[in-house]
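K.L.:
Add chain V to chain E, keeping to what the hints say.
Protein chains: 2
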Amino acid sequence: MNKVIEFDEAQSTLYCEAGCILETLQNHTKDLGYMMPLDLGAKGSCQIGGNLATNAGGIKFIKQGSMHSNCVGLKVVLADGTIIDQMDPHVTLPIGYDLKQLFIGAEGTLGFITECAIFCPPYPKNRQVALLASNDYEQIMKCLQISKKELSSQLSAVEFMDWESASIAMDYLSLENPLSDEYKYYILIEMSGNSQEELLQEQMLELLEKLEDHYEDGLMCESETQKDQIWHIREGISMAASGYGLAFKFDISLESKDFEDIILKTQERVNHLGGRVLGHGHIGDGNLHLNTVMKGFKDMDTAKQIKEALQPFVFDYIKEKNGSVSAEHGIGLLKTDYLGHSKSSEMIGYMGMLKKVFDPKGILNPYKVLPDHAFKPGTD
Amino acid sequence: MNKVIEFDEAQSTLYCEAGCILETLQNHTKDLGYMMPLDLGAKGSCQIGGNLATNAGGIKFIKQGSMHSNCVGLKVVLADGTIIDQMDPHVTLPIGYDLKQLFIGAEGTLGFITECAIFCPPYPKNRQVALLASNDYEQIMKCLQISKKELSSQLSAVEFMDWESASIAMDYLSLENPLSDEYKYYILIEMSGNSQEELLQEQMLELLEKLEDHYEDGLMCESETQKDQIWHIREGISMAASGYGLAFKFDISLESKDFEDIILKTQERVNHLGGRVLGHGHIGDGNLHLNTVMKGFKDMDTAKQIKEALQPFVFDYIKEKNGSVSAEHGIGLLKTDYLGHSKSSEMIGYMGMLKKVFDPKGILNPYKVLPDHAFKPGTD
Numbered sequence: 009m010n011k012v013i014e015f016d017e018a019q020s021t022l023y024c025e026a027g028c029i030l031e032t033l034q035n036h037t038k039d040l041g042y043m044m045p046l047d048l049g050a051k052g053s054c055q056i057g058g059n060l061a062t063n064a065g066g067i068k069f070i071k072q073g074s075m076h077s078n079c080v081g082l083k084v085v086l087a088d089g090t091i092i093d094q095m096d097p098h099v100t101l102p103i104g105y106d107l108k109q110l111f112i113g114a115e116g117t118l119g120f121i122t123e124c125a126i127f128c129p130p131y132p133k134n135r136q137v138a139l140l141a142s143n144d145y146e147q148i149m150k151c152l153q154i155s156k157k158e159l160s161s162q163l164s165a166v167e168f169m170d171w172e173s174a175s176i177a178m179d180y181l182s183l184e185n186p187l188s189d190e191y192k193y194y195i196l197i198e199m200s201g202n203s204q205e206e207l208l209q210e211q212m213l214e215l216l217e218k219l220e221d222h223y224e225d226g227l228m229c230e231s232e233t234q235k236d237q238i239w240h241i242r243e244g245i246s247m248a249a250s251g252y253g254l255a256f257k258f259d260i261s262l263e264s265k266d267f268e269d270i271i272l273k274t275q276e277r278v279n280h281l282g283g284r285v286l287g288h289g290h291i292g293d294g295n296l297h298l299n300t301v302m303k304g305f306k307d308m309d310t311a312k313q314i315k316e317a318l319q320p321f322v323f324d325y326i327k328e329k330n331g332s333v334s335a336e337h338g339i340g341l342l343k344t345d346y347l348g349h350s351k352s353s354e355m356i357g358y359m360g361m362l363k364k365v366f367d368p369k370g371i372l373n374p375y376k377v378l379p380d381h382a383f384k385p386g387t388d
Numbered sequence: 009m010n011k012v013i014e015f016d017e018a019q020s021t022l023y024c025e026a027g028c029i030l031e032t033l034q035n036h037t038k039d040l041g042y043m044m045p046l047d048l049g050a051k052g053s054c055q056i057g058g059n060l061a062t063n064a065g066g067i068k069f070i071k072q073g074s075m076h077s078n079c080v081g082l083k084v085v086l087a088d089g090t091i092i093d094q095m096d097p098h099v100t101l102p103i104g105y106d107l108k109q110l111f112i113g114a115e116g117t118l119g120f121i122t123e124c125a126i127f128c129p130p131y132p133k134n135r136q137v138a139l140l141a142s143n144d145y146e147q148i149m150k151c152l153q154i155s156k157k158e159l160s161s162q163l164s165a166v167e168f169m170d171w172e173s174a175s176i177a178m179d180y181l182s183l184e185n186p187l188s189d190e191y192k193y194y195i196l197i198e199m200s201g202n203s204q205e206e207l208l209q210e211q212m213l214e215l216l217e218k219l220e221d222h223y224e225d226g227l228m229c230e231s232e233t234q235k236d237q238i239w240h241i242r243e244g245i246s247m248a249a250s251g252y253g254l255a256f257k258f259d260i261s262l263e264s265k266d267f268e269d270i271i272l273k274t275q276e277r278v279n280h281l282g283g284r285v286l287g288h289g290h291i292g293d294g295n296l297h298l299n300t301v302m303k304g305f306k307d308m309d310t311a312k313q314i315k316e317a318l319q320p321f322v323f324d325y326i327k328e329k330n331g332s333v334s335a336e337h338g339i340g341l342l343k344t345d346y347l348g349h350s351k352s353s354e355m356i357g358y359m360g361m362l363k364k365v366f367d368p369k370g371i372l373n374p375y376k377v378l379p380d381h382a383f384k385p386g387t388d
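Line by line, the protein sequences are chains E and V.
Heads up: the first sequence runs through residues 9 to 388, numbered per the numbering used here.
Heads up: the second sequence runs through residues 9 to 388, numbered per the numbering used here.
Any given hint might turn out to be false.
Same chains, same label: a pair holds when it works inside one copy or across any pair of copies.
[Said to hold, decoys possible] Taking lysine-lysine and the DSS-like style, the derived pairs with C-alpha atoms no more than 25 Å apart in a straight line are:
#	residue 1	residue 2
1	K150	K133
2	K38	K157
3	K38	K150
4	K376	K11
5	K38	K218
Because the hints were derived from the structure by calculation, they are not lab data.
Given the structure is predicted, the values throughout are model-derived calculations rather than measurements.
If we strip away everything but chain E, and leave its shape as in the complex, we get (with noise of 0.2 Å):
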């Protein structure tokens, strides 16, 4: 189940089984000079079937799009054993119902993704990096938007951290601070492509000149290893969170001008328990990561205290800014009963006629995404 099947340079399209770890299929990808349209933090370890399933965004959503676009073929067996095999090699406009889109974000309650084909631009040959820093949630808000218009498609990433998030993480990864001083709010860009690198700095150059008013301190990274390190830092977050202690995390859909707002929220909630909040997500599609972390692993009755100050609250706040509790990180077990704060009744009845379509037992990945009431096994 972790076999790469093909890579069709026709198509730029990868042909592979759905055990295949991302990282690896990044690098094979790369050797031949394509580039795999998904990266993610857990790329060392997650696998693309898995990716699939949970629909998973990550850094490179705001340019390459959602695997509902990427994703151009997928073979699925279903709870009765039926192969449903949409592998179509070379058709880019499927036609009749797109079953396939179905399976994907259904974190293999609706079927079992065994092989997917996976289209892939070619790798970009430079980037340039940029790390802005303010005090200022507005100024990160208007060097976001200045971006996304100035760069376009040649925006490639646009990350957000505060500093709980930056400090933590080059605590752990022993990395010194890219900046002069602390700052409450960064923001990381990322342009790539395929014109001479000299072009691709003139170009990021006009860009900051642009940013001038909206940042107090920053840097355009000038070799491959200081954006090796910039991103090490925003990719070690998570990791460094995990390795401090209890962490509790939310990985949500919210407008990106409303990051600063449940952050300082949050904070008032838990700092006085002991708790860090950590903000940082893909800011271009309004993602953030909330977490929270305590120092160590065995004090219970704050762990207890904590989590009972982040929830409902976190999912409350979603709730009224019409906002989505789970981004990329999907429904699971845990947040069934939380999937009525982002759909509506109607929704979720169709949600429950298709599982029962596609899996009238419930065998697959039962208790999961769907509420119970939407759904019971072999009821007819």
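P.N.:
Relative to the frame of chain E, chain V by itself:
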């Protein structure tokens, strides 16, 4: 049903009703500095709801991806009057089953689309257009592959026309041949981006240098007028064909390396009957418009002979090559029996079950998409 509801700059998202004409939306977003991710010849009359229902591809598909990615919200009325409101304003990564994906491409047979939210990237500031010609189709394929690899996400369109297609459009539109001679095959290459005009020009020249050995004649447009003229030829083919006489149109998905083969084989079958074969389409996505026209509208005997020469020949050819009988024009009434050429009986069975979930009485666009055996209204 034809109102623009809102353009949300922070999310680059257009909210509108389903009856809006595509071209109206293109103009509306362009005025705001953004671009509809969809463009096709029928833009002046087609509606965005129909584009979604048929999962339209079009010229920008190669850069912008499919409606499955760009449609970020949908409101649908089901057969029993239930409203499925998935307009989730701020959620880029949907959770639970992504119901809206089912209605995209279902041609109105599962529900009636009333509103949608479409992600629109910033309108690129500059574009460069080149037209290359060769009598050797393999060289056209080389131009395609090299352009894709070199330009990557800056490649905003790559279109194919044969001489019959180009010349019928030039005659119809009274445009002059932009090259000094006639060639069998043409490839139109457009790149776009936000970098300065001169930088883009430089990049296009670099590309043309790399393609040097692979075309016999060609030009790089020197003015906006010339760019528009080249595009008029490409976009005028469909209308020119309809004005010429009876037209037999196939819109198929096929590996682009097979485009020439099917064109030649079709010519063999219809040329002696007076049929003129026009091959053109989105070569970057393997989407060929294979049209046969005959002069005038009255000779029904010849029309019948041409029809019989084309069908089932074209569908059988596609089945053998694992292509698809309809790329972006849907299945409709006429092609339901050919769905089995591209889809397994298991898949068609599950499509029938989905139809039963959403429209058990079969009142939405009856007899369309699914073959009779897959769905009988009212049975349980």
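K.L.:
Hint by hint, note whether the structure agrees.
P.N.:
Okay, the hints, checked on the actual structure:
1. K150 - K133: between (28 Å within a copy, 20 Å between copies)
2. K38 - K157: between (28 Å within a copy, 13 Å between copies)
3. K38 - K150: between (34 Å within a copy, 21 Å between copies)
4. K376 - K11: neither (28 Å within a copy, 39 Å between copies)
5. K38 - K218: between (33 Å within a copy, 22 Å between copies)
Consistency note: the structure conflicts with earlier hint 4 alone.
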